[in-house]
Amino acid sequence: QSALTQPASVSGSPGQSITISCTGTSSDVGGYNFVSWYQQHPGKAPKLMIYEVSHRPSGVSNRFSGSKSGNTASLTISGLQAEDEADYYCSSYTSSSTFYVFGTGTKVTVL
Amino acid sequence: EVQLVESGGTLVQPGGSLRLSCAASGFTFSSTYWMNWVRQAPGKGLEWVANIKQDGSEKYYVDSVKGRFTLSRDNAKNSLYLQMNSLRGEDTAVYYCARLNSGTHGFDIWGQGTMVTVSS
Chain R
7 QSALTQPASV SGSPGQSITI SCTGTSSDVG GYNFVSWYQQ HPGKAPKLMI YEVSHRPSGV
67 SNRFSGSKSG NTASLTISGL QAEDEADYYC SSYTSSSTFY VFGTGTKVTV L
Chain B
140 EVQLVESGGT LVQPGGSLRL SCAASGFTFS STYWMNWVRQ APGKGLEWVA NIKQDGSEKY
200 YVDSVKGRFT LSRDNAKNSL YLQMNSLRGE DTAVYYCARL NSGTHGFDIW GQGTMVTVSS
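Protein chains in written order, with this note's numbering: chain R, 7 to 117; chain B, 140 to 259.
Possibly wrong hints are sitting among the right ones.
Stated by the list, open to error - Within a straight-line C-alpha distance of at most 16 Å, the following computed EDC-like cross-link-like pairs (lysine to aspartate or glutamate) qualify:
id : chain 1 : residue 1 : chain 2 : residue 2
1  : R       : Lys-53    : R       : Glu-89
2  : B       : Lys-183   : B       : Glu-229
3  : R       : Lys-53    : B       : Asp-202
4  : B       : Lys-183   : R       : Asp-93
5  : B       : Lys-216   : B       : Asp-194
6  : R       : Lys-53    : B       : Glu-186
7  : R       : Lys-50    : R       : Asp-93
8  : B       : Lys-192   : B       : Glu-229
9  : R       : Lys-74    : R       : Asp-93
10 : R       : Lys-53    : R       : Asp-93
11 : B       : Lys-183   : B       : Glu-197
12 : R       : Lys-50    : B       : Asp-247
As the list claims (entries may be wrong) - Partial selection, computed: residues in chain R whose CB lies under 8 Å from chain B:
id : residue
13 : Ser-42
14 : Ala-51
15 : Tyr-57
16 : Tyr-99
17 : Phe-105
By construction, these hints were calculated from the structure, which means they are not laboratory data. Think of the CB as a built atom: it goes at the ideal place given N, C-alpha and C, for glycine as much as any other residue.
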């Protein structure tokens, strides 16, 4: 099972919107609505930001939104803030024996 | 407060063994949640390692650790364990304990992680 493909880095200015893509296959992203997104600041544990493609856990800012089309899921951060600078990982349930696969990770830089 | 606290990570020689622990608090550990280990090699991404059903009757592992790692849980002690044998350099990573919401398949609670270094 290969990792889901994400861009290595995405950047934007404060207040702008950015979108991070996450590309898999019909065995994972395309086959299930079980895509999650995680934010990880340096030296910290990951934090769940989006589950089931587009749902936000309680306490997560509504500036974070998710969507999916075919084998590609996306995370959009609107009104970019300095605190959003972090690594972001997608994850999907998969029909393979691995059960869960993560993306390669995207470093978000706030210019 | 819902919390997961890992322990047991250390420096170990190749071929050696190690047991990681994860103590859970603030939620009903025994009846509701699959528990998982996810690891992150230095400077690398996240990798799902293994999970175990609420009652311990089902366990699943990533191919690279099958036959070497064994997952268990003690619901009376609200604890999760990962027995790691025949350790290799590529097992070097921060190991996170993570709670899985089996309805949404999202890892909704994470521990702070424990570092395992396999080196001579």
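Structure-based check of each hint:
| no. | hint | result |
| --- | --- | --- |
| 1 | R:Lys-53 - R:Glu-89 | 14 Å, holds |
| 2 | B:Lys-183 - B:Glu-229 | 12 Å, holds |
| 3 | R:Lys-53 - B:Asp-202 | 26 Å, violated |
| 4 | B:Lys-183 - R:Asp-93 | 11 Å, holds |
| 5 | B:Lys-216 - B:Asp-194 | 13 Å, holds |
| 6 | R:Lys-53 - B:Glu-186 | 15 Å, holds |
| 7 | R:Lys-50 - R:Asp-93 | 10 Å, holds |
| 8 | B:Lys-192 - B:Glu-229 | 26 Å, violated |
| 9 | R:Lys-74 - R:Asp-93 | 20 Å, violated |
| 10 | R:Lys-53 - R:Asp-93 | 11 Å, holds |
| 11 | B:Lys-183 - B:Glu-197 | 29 Å, violated |
| 12 | R:Lys-50 - B:Asp-247 | 15 Å, holds |
| 13 | Ser-42 | 4 Å, holds |
| 14 | Ala-51 | 4 Å, holds |
| 15 | Tyr-57 | 3 Å, holds |
| 16 | Tyr-99 | 4 Å, holds |
| 17 | Phe-105 | 6 Å, holds |
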